[in-house]
Amino acid sequence: MYRTAAKRVLLLRVPSGSKSNARLLLPPILQSFAANSSPLSTTSVNPNQRSQNPSFSDPVSSSTSSSSSSSTADEARRQHSRRPTAEYEDEQARVLHATLPHVVRLGWTEAAMISGARAVGVSPSIIGSFPRKEAALVEFFMDECLQRLIDRIELGEDLKGKIPSERISELVRFRLEMQAPYISKWPQALSIQAQPMNVPTSFKQRAMLVDEIWHAVGDEASDIDWYVKRTVLGGIYSTTEIYMLTDSSPDFRDTWSFLDGRVKDAFDLKKTIQEAKYLAETVGAGMGSSLQGFVKRVFPG
Amino acid sequence: MALRMVTGKFRSKLLPMFSSSLLHSHATSFGFKEVHEEEKSRMVSNVFSNVASNYDLMNDLMSAGLHRLWKDRLVSKLNPFPGMKHLDVAGGTGDVAFRILETINSVKHRAMQDVLEDNLYEETRIFVCDINPNMLNVGKKRALERGSGEEKSLIWVEGDAEALTFEDNSMDGYTIAFGIRNVTHIEKVLAEAFRVLKRGGRFLCLELSHVEVPIFKEFYDYYSFSIIPALGELVAGDRDSYQYLVESIRRFPPQETFASMIADAGFQKVEYENLVGGVVSIHSGLKL
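If you read the protein sequences in the order shown, they are chains Y and R.
Per UniProt numbering, the first sequence runs over residues 1 to 301.
Per UniProt numbering, the second sequence runs over residues 1 to 288.
Because the hints were derived from the structure by calculation, they are not lab data.
This one's a predicted model, so the numbers in the text were calculated from it and none came from an experiment.
Just so you know, not all the hints are guaranteed correct.
Said to hold, decoys possible - Listed below are the simulated DSS-like cross-link pairs for lysine-lysine, each with C-alpha atoms no more than 25 Å apart in a straight line: (1) Y:229 with Y:185; (2) Y:264 with Y:162; (3) Y:162 with Y:229; (4) Y:229 with Y:204; (5) R:77 with Y:133; (6) Y:133 with Y:185; (7) R:198 with Y:133; (8) Y:160 with Y:271; (9) R:85 with Y:133.
Bound conformation, chain R alone:
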């Protein structure tokens, strides 16, 4: 409720002032609303504070469990290896981080580790970075429940994707799953990703994207605008946050545009793969 009032107030007050913000409309939008740049991060933060407790349940409900497969696909594209330094941005609940850790610990990689140097396995570090402490707390709690609370490899960091605290050329991999949509400046996030990655490091982004398949598109639009907000209200008691979610998906640049943004940030071999007809897409880039 408070959120709606806040956004309502800002819309009436700021819209006339910031008509120039249309110049970079995706950077200063909050769903379909135009807001001041500084406000966006606060509003997004509110949304995620609101949904943190029900985040995973809602993900399962909204995607019919598919988000698990999408994340699996992301990790298999990443191809983690023992001794990896990985940064998972906006991964507060640890979904992607746990998957990466599992892959590295899996039997196949155990076998591989025997032939590699012994201490490599110990050197694996997965940094989970999220701007929202509520989301991080959910992740830490899940780590405890999974029995990997003592795991040295997992490091939880509260931080802003637009101004990472990690050193230049320090990471082998960078993933951001369902996060880049919510940042204020996509370009800054990409530049930061490029900065922290080592030579040969890879950037992977899993994000809800644009459906172009004709009939499926209509169904998808109906589903997102009619069912998801209702579902949000029913399960999480928070319609506005989920309204924002579906609107922000529509404001996110389409696959091709986003791919060229990644290329502009300096990445090579920029590719994307659409899953479920473009409901989500995985973009990848290679830093050289």
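Looking at chain Y on its own, in the form it has when it is part of the complex:
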């Protein structure tokens, strides 16, 4: 996961992002999972160094740590303090950030990452240290887009005046527009996300995205509705994303009208279900009373 490192890069550019950072931080347990989720039996060093660096605020130990401590020690420290990421993660994030401009030409590939590494003056060898190479790039982009969406939500006063369905289509559109420059290469990104190794992360990222949008709409549901709402919006988001791939209209006009249509459908569906429920209740009540009458007639007295 390059999210924490990515955020630091973003922080440099968007000073107002600090508030949202606190909200985005994964709980420590998730962080440790993410940090250790490299494939196969790869193991990081090294438990005994953890005890060597017990004080996380000590400036002396943190200054020496750059030369003497291992990556796990760094990770352990991050889990405790949430402050510094390991230096290499910053560097990896920098490489990924520099890679994005090359994606349009070279796709979500190692070739683009090599160009990115050269751009920041780091040996392209560093790409070998990404456990899932291209997937890391796509995930980094997804994270960055999510961050921008969150910033937009927090700045977006204009959203307050709109009805929920408009807010949803507005936000989905804002998010999908970030992919517009990469649209010719986006099928490749989707295929990378769909690889079995990458599915857990890409699924989680999409879930977070949908969750973020529902929060922006002001959804407070905590029952079964929570799942229904997120599933429905996830469906809308994904179908629109697919629709966008083959949309050749100027400024993706067709995509946005498609999106509006789907959001409207969803809200209509909600209304329909509500109406069906009322109808069922009414019918049930009617049936009940006529049944009562029938029973009374059959068994008088």
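Please arrange chain R on chain Y, whose structure you already have, making use of the hints.
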């Protein structure tokens, strides 16, 4: 035979003098024997001069061909790219170097090269560094047999891993396969690796390591101490060299210790991966 006499002599003569050498025992051991530091490199050099001609055959026999897969895994972890400057230390017979070259030349990378600058492909340099000229000769001969004798990318260098002749920050990658066990000062080798690597460059080490899986460990110990020396005698006619081989594996620091040594040398993101339950392990580090 000569080797045994030499080691025997040194053991009797030097052991009392160098009991202090236990302080850094892995640095001054020759197999299970304690020897003078300067002697170790000469003795190791003897071993490899002895085994050079049969080296690849013996590797195949001892590992049942698995060493090929291990080296493939090492190269796939390295993730070579066109235009790379790579240093393969203790790779005299060129096994790892040929694999790296093949990977770069493979179809996938050919396709990648089209989109990168044209001359990148020409700029690939793989330096094969070995302290032992006999091993290098085997490698050069194999390069000729493979038809890559004229290959500009392959450069054969005779040199000491503890004092490399390459400039600071000049390499994208550094590999050492089945070599670091045999050096006198592991710390010096790691420091040199750190010195020659560029920012973002990676250090990878493939080495026979320690098995901790219970039943497999017993089998492995029996195999190494009973079968391998016998096999060495039978095939290569040299029991002592192979006795040294299995002993030196036991003297090599275990995975965790070695990983912390790599971290101490300044590398980041130090990881290791055990293959075949720890018979070999691949350590990797990133220089920033």
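Hint check results:
1. Y:229 with Y:185: violated (30 Å)
2. Y:264 with Y:162: Cα-Cα ~14 Å, so holds.
3. Y:162 with Y:229: holds (19 Å)
4. Y:229 with Y:204: holds (16 Å)
5. R:77 with Y:133: Given pair residue 77 of chain R, residue 133 of chain Y holds - Cα atoms ~11 Å apart, limit 25 Å.
6. Y:133 with Y:185: holds (16 Å)
7. R:198 with Y:133: holds (20 Å)
8. Y:160 with Y:271: This hinted pair holds, its Cα atoms lying about 22 Å apart.
9. R:85 with Y:133: Holds, at roughly 20 Å.
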